[in-house]
Amino acid sequence: MRLLLRGARLLDPAAKRDGVAEVLIVDGEIASVGSKVDATGARVIELDGQWVTPGFVDLHSVLRDTSDLDAALKGGFTTVVAAPESNKLRDDRLQLLTAAPLTRKLEGEELGETPEDAACLSQGFRPLVKSGVLRRALQYSRGKLLVLHAEDPSLTGAGVLGEGLTATRLGLPSVPVAAEAAVVARDLLILEETGGRLHFAHLTTARSVELIRAAKQRGLQVSADCTPHHLTRDDRSAEGYALEARVWPPLRSEADVKALGLALADGTLDAVACDHVRVDVLDREHPFEACAPGCEAFEQALPAVWGLGLTPLRLVEVLSTAPARLLGLETGILPGLRAALTIIDPQARAVAGVISGARYLSSTGVTT
Amino acid sequence: MSSTRHLLGIEGLPRAELEQLLTRAHEYREGRVGGRHLVGRVVANVFYEASTRTRSSFEVAAASLGAHVLNWTVTGSSASKGETLVDTAKNIAALGVSIIVVRHQHSGAAALVARSVGCSVVNAGDGQHEHPSQALLDAYTLWRRWGTLAGKRVAIVGDILHSRVARSNLHCLKALGASLVFCGPPTMLPMGLAALGAEVTTELDHALDGADAVMMLRIQRERQGDALFPTPAEYHVRWGLTNERAAALKPEAVVLHPGPVNRGLELSPEVADGQRSLILEQVQNGVAVRKAILEAVS
Chain A
1 MRLLLRGARL LDPAAKRDGV AEVLIVDGEI ASVGSKVDAT GARVIELDGQ
51 WVTPGFVDLH SVLRDTSDLD AALKGGFTTV VAAPESNKLR DDRLQLLTAA
101 PLTRKLEGEE LGETPEDAAC LSQGFRPLVK SGVLRRALQY SRGKLLVLHA
151 EDPSLTGAGV LGEGLTATRL GLPSVPVAAE AAVVARDLLI LEETGGRLHF
201 AHLTTARSVE LIRAAKQRGL QVSADCTPHH LTRDDRSAEG YALEARVWPP
251 LRSEADVKAL GLALADGTLD AVACDHVRVD VLDREHPFEA CAPGCEAFEQ
301 ALPAVWGLGL TPLRLVEVLS TAPARLLGLE TGILPGLRAA LTIIDPQARA
351 VAGVISGARY LSSTGVTT
Chain B
1001 MSSTRHLLGI EGLPRAELEQ LLTRAHEYRE GRVGGRHLVG RVVANVFYEA
1051 STRTRSSFEV AAASLGAHVL NWTVTGSSAS KGETLVDTAK NIAALGVSII
1101 VVRHQHSGAA ALVARSVGCS VVNAGDGQHE HPSQALLDAY TLWRRWGTLA
1151 GKRVAIVGDI LHSRVARSNL HCLKALGASL VFCGPPTMLP MGLAALGAEV
1201 TTELDHALDG ADAVMMLRIQ RERQGDALFP TPAEYHVRWG LTNERAAALK
1251 PEAVVLHPGP VNRGLELSPE VADGQRSLIL EQVQNGVAVR KAILEAVS
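Protein chains in written order, with the working numbering: chain A, 1 to 368; chain B, 1001 to 1298.
No lab work stands behind these hints: they were computed from the structure. In this text the structure is predicted, and so the values were computed from the model without any measurement. Please note that the accuracy of each hint is not assured.
Unchecked claim - Using 20 Å as the maximum straight-line C-alpha spacing, the simulated SDA-like pairs for lysine to any residue come out as follows: (1) B/K1090 to A/E285; (2) B/K1090 to B/T1073; (3) B/K1090 to A/Y140; (4) B/K1090 to A/C291; (5) B/K1152 to B/A1198; (6) B/K1174 to A/L165; (7) B/K1174 to B/A1198; (8) B/K1090 to A/K258; (9) A/K258 to A/E210; (10) A/K74 to A/V279; (11) B/K1090 to B/R1041; (12) B/K1090 to A/R284; (13) A/K258 to A/V177; (14) B/K1090 to A/V177.
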């Protein structure tokens, strides 16, 4: 089975490649990349200026069934990490990795087991209240990435929206910035003492971003991501109790949204991670605060990042190269690697398809 | 939006519409109209939170307009047995109800019901959001007394953070030309009040200075678990309307309270029963105001 991608602009931050070249894929593996590829007997896909990038990598989403994986592929993701709240799934259309619970049952009391095949250790959407547990986790799990959800529940209370005028007017319980930032600060202090690899999932506030920036300047091994929805929506989208604003962590101010975008551009934030959480229809028939939080984010990822005006290579970096490296995965459009590629239509600013192993999945629904 | 009329909140309602409601309420209050406007209609009181006062007031108003009143009480336990608010609302509407009057512990509940059903919806209090009929009856009570709210200074004192009464009154009194000062412990003052056009202070004596009316909000003792202030005794000293403070008010200043009063906490018993208190008149006016509301949405 030979597949030739022709006429595409290849964007590969790992190789610092940005230019038109052909890619030959044989039996699901990249065989050669260049201008004079021997394509005898290959099926040719004419891409005519579309972009080909290493496949997008998602660091945390809740995967309940295969429809979530369909959404991931549509959004351009060829590798996804199932958050600890996910169901066990099998699917050979993409690379499906697992985050092991950082603490037992995510309760934040005792360390969870660290299976060899876990892509990382994660607290999912649950806070880690006890500093002592984090300290021990960092000491114990050197080398493995620890993915944290920064939240002080005593500051969150019953909050469902970032503190501000919108929450006040709508009478929605609100969450102060410190509910996130105070925990980021605490965790960074602990990291500085213990060493280890700490990753903050779904940061939402300008204050947290400043703390990460300063920590990186001090040389700490810290990384962080934000979600597509926190890059594109602020607390005002809760107007009229619109449920697209019912996400967790809560939406923040316009200034916070802007700070996240700038932090992705300058490298303070490493990656965009989806936090794709599909919510059952019946869980949406309640008033705003009683509804289960979550949104279907895989297909929002590229449009959200596109809107930031990053360079094409940085755009690919935050969606693919950086999260792959955080997970210790090989990344790039290089001979010898498993074919995991995302095809982007730059005119439509949309994912046009993915190559995953020997499969070509086009967003128009053609699968081969 | 369909052409179905609702009263979900005060925010955004034009002054003319508010004045129309007050004028109509006044006609009912003075007995100038008999009004059997709802004969043959069913008004459903759907209360997810216990509220004897508001529910009774709506019930009396609806009954005296000739409506049949259906009291649909939903306790916390049966609400959690799976039926969603949307589901419940659709079922009630399917009984042929003309107006749903809904009280719910969550903000936005009345708007959600209005989106889900074809009949009219009146918000009888949704979470910490709005309580429009209370604000209208407060405004009416002052309007009846003064003839106008323009240029008057109203102090609202207490747990502003959790109060839907405070939010509705902010929009209502401001639209009618009054100026507002909010006062309470710093832990009970939400962010952004000043941006909404109110003065904000934590010093009660400052709030009371020059006030034409003082609205004391109820302290919900069940929230004491949140420990928003140290003790009720300290609250009374710092934010309670004591006899001394009441005596220092402008001679003609009046005192309101949405009820039920925690005597000795928000205000002293003497003030609650004193010359300045319009508390019982508020209850009396509530029926007239709710008649005007039910008529307006029907």
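Going through the hints against the structure:
1. Restraint check for B/K1090 and A/E285: satisfied, since their Cα atoms lie roughly 11 Å apart, inside the 20 Å limit.
2. A C-alpha spacing of about 15 Å is found between B/K1090 and B/T1073, which places the hinted pair at or below 20 Å, so the restraint holds.
3. A C-alpha spacing of about 55 Å is found between B/K1090 and A/Y140, which places the hinted pair above 20 Å, so the restraint is violated.
4. A distance of roughly 18 Å separates the Cα atoms of B/K1090 and A/C291; the hinted pair therefore holds under the 20 Å criterion.
5. The suggested pairing of B/K1152 with B/A1198 holds, with an alpha-carbon distance near 13 Å, which does not exceed 20 Å.
6. At roughly 17 Å between alpha-carbon atoms, B/K1174 and A/L165 fall within 20 Å of each other, so this suggested pair holds.
7. A hinted pair counts as satisfied when its Cα atoms are at most 20 Å apart, and B/K1174 with B/A1198 qualifies at roughly 9 Å.
8. A distance of roughly 41 Å separates the Cα atoms of B/K1090 and A/K258; the hinted pair therefore is violated under the 20 Å criterion.
9. In summary, the hint linking A/K258 to A/E210 is supported, as the alpha carbons are separated by about 13 Å, within the 20 Å threshold.
10. As the CA atoms of A/K74 and A/V279 are separated by approximately 18 Å, the hinted pair is consistent with the 20 Å bound.
11. Proposed proximity of B/K1090 and B/R1041 is supported: the alpha carbons are some 17 Å apart, at most 20 Å.
12. Straight-line distance between C-alpha atoms of B/K1090 and A/R284 comes to about 15 Å, which keeps the hinted pair within the 20 Å bound.
13. Using a Cα cut-off of 20 Å, the hinted pair A/K258 and A/V177 holds, with the two alpha carbons roughly 15 Å apart.
14. Restraint check for B/K1090 and A/V177: the C-alpha separation of about 38 Å exceeds 20 Å, so the hint is violated.
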